[in-house]
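Chains as they are written, first to last, in the working numbering: chain F, 1 to 76; chain R, 77 to 331.
Quick caveat, the hints were computed from the structure, so don't treat them as lab data. No experiment lies behind these values; they were computed from the predicted model shown. You may find that some hints are simply not true.
Derived pair list, reagent style DSBU-like, types lysine-lysine, alpha-carbon separation capped at 30 Å [stated by the list, open to error]:
#1 R:K307 to R:K148
#2 R:K216 to R:K200
#3 F:K41 to R:K204
#4 F:K20 to R:K186
#5 R:K147 to R:K266
#6 F:K37 to R:K245
#7 F:K37 to R:K229
#8 R:K319 to F:K41
#9 R:K204 to F:K58
#10 R:K204 to F:K33
#11 R:K326 to R:K215
#12 R:K144 to F:K20
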Amino acid sequence: MLSPIRCFSCGALLGDKYEKFNALVAKGMEPSKALDKLGIKRYCCRRMILSNFEAINKMLPYAEAAALLNDKGDEI
Amino acid sequence: MTVEVLEKDKLNLTIKIEGYPLDLINGLRRYAMSEVPTLAVEDVVIIENSSLVYDEIIAHRLGLVPLKTPKKYLEMKDAQLMLVLDASANDSVRTVYSGDLVPVEDKEVKPVSNEIPILKLAPKQNIKLEAYAKLGKGKKHSKYSPTSKSIVKPTPVINIINPKTDSAKQIVDSCPRNVFEIINGNLVAKNPYACTFCEECLKVDRKNLEISEKPGSYILSIESIGQLEAKDIILESVNLIIKDLDEFNKRLEAL
Numbered sequence: 001m002l003s004p005i006r007c008f009s010c011g012a013l014l015g016d017k018y019e020k021f022n023a024l025v026a027k028g029m030e031p032s033k034a035l036d037k038l039g040i041k042r043y044c045c046r047r048m049i050l051s052n053f054e055a056i057n058k059m060l061p062y063a064e065a066a067a068l069l070n071d072k073g074d075e076i
Numbered sequence: 077m078t079v080e081v082l083e084k085d086k087l088n089l090t091i092k093i094e095g096y097p098l099d100l101i102n103g104l105r106r107y108a109m110s111e112v113p114t115l116a117v118e119d120v121v122i123i124e125n126s127s128l129v130y131d132e133i134i135a136h137r138l139g140l141v142p143l144k145t146p147k148k149y150l151e152m153k154d155a156q157l158m159l160v161l162d163a164s165a166n167d168s169v170r171t172v173y174s175g176d177l178v179p180v181e182d183k184e185v186k187p188v189s190n191e192i193p194i195l196k197l198a199p200k201q202n203i204k205l206e207a208y209a210k211l212g213k214g215k216k217h218s219k220y221s222p223t224s225k226s227i228v229k230p231t232p233v234i235n236i237i238n239p240k241t242d243s244a245k246q247i248v249d250s251c252p253r254n255v256f257e258i259i260n261g262n263l264v265a266k267n268p269y270a271c272t273f274c275e276e277c278l279k280v281d282r283k284n285l286e287i288s289e290k291p292g293s294y295i296l297s298i299e300s301i302g303q304l305e306a307k308d309i310i311l312e313s314v315n316l317i318i319k320d321l322d323e324f325n326k327r328l329e330a331l
């Protein structure tokens, strides 16, 4: 649902790197080069970042809408 | 008996050890992984959680956040330190980071990085919790393990029989670890310690290359996650091995 904090296989810290990786790729950097730049060497860690999908971003709009409805005093 | 440092910074330590038995060096490696204690969040008291993320998922994620472990806590088995997380989103979606986790009892026991996302809050959602960090070992739960990489390998010896071989370029390209280089037309093993004995180069040219292990020489490579410095992990595992052997000795003498 959220980006993984540790690599499942080796336990290296990756939580603080997913957002940086996304920012680099959005700038047009190749994903493999971005991973190199962030110092993610092993393929167990690289797959954690490459294959991640943040499903919570799909659910947040509903919670936002609920907050708006509450403001207006309507029932959800 | 020699110990030579090949690579050293705060989080990485690679040393070449000669003249010590492999069993001892492997013991060191295993102690670094599963016996050196560190602090990690063990208990979480959730006071308020109106976010989309379930309590247990938040607790699990907090447990995985590596906490800096000052050396004085390595001896304190009953250490319990409180951290507090109190965040709310006002008008827009907010990501709660590990930096929002406030240490209450000891300012030094804080997350290794301040940029680890714990959860995301939609407008008007709140999260309020107390997290208790405790000392534990990697063999109990891998969140306590201070190392992500802990490896012993034999020291590779690369012998190039004919440096002017025609297949030099192919040999350089075949190596996934960039061991070889061509300098002034000669094939040179510039970075022999990076070799992992994959033998891809031998598939190209078996006649001009010899790859062997140096007897009695090993490379120990440790990568720290950040709770402790790599050097301290090794020193602490040495201490723990000595302590355990002393204990073993006492039991034997009592027989």
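Status of each hint after checking the structure:
no.: 1; hint: R:K307 to R:K148; in the structure: 16 Å, holds
no.: 2; hint: R:K216 to R:K200; in the structure: 38 Å, violated
no.: 3; hint: F:K41 to R:K204; in the structure: 36 Å, violated
no.: 4; hint: F:K20 to R:K186; in the structure: 21 Å, holds
no.: 5; hint: R:K147 to R:K266; in the structure: 38 Å, violated
no.: 6; hint: F:K37 to R:K245; in the structure: 27 Å, holds
no.: 7; hint: F:K37 to R:K229; in the structure: 27 Å, holds
no.: 8; hint: R:K319 to F:K41; in the structure: 35 Å, violated
no.: 9; hint: R:K204 to F:K58; in the structure: 24 Å, holds
no.: 10; hint: R:K204 to F:K33; in the structure: 39 Å, violated
no.: 11; hint: R:K326 to R:K215; in the structure: 24 Å, holds
no.: 12; hint: R:K144 to F:K20; in the structure: 22 Å, holds
Hint compliance for this structure: hints 2, 3, 5, 8, 10 are not met, and every other hint is.
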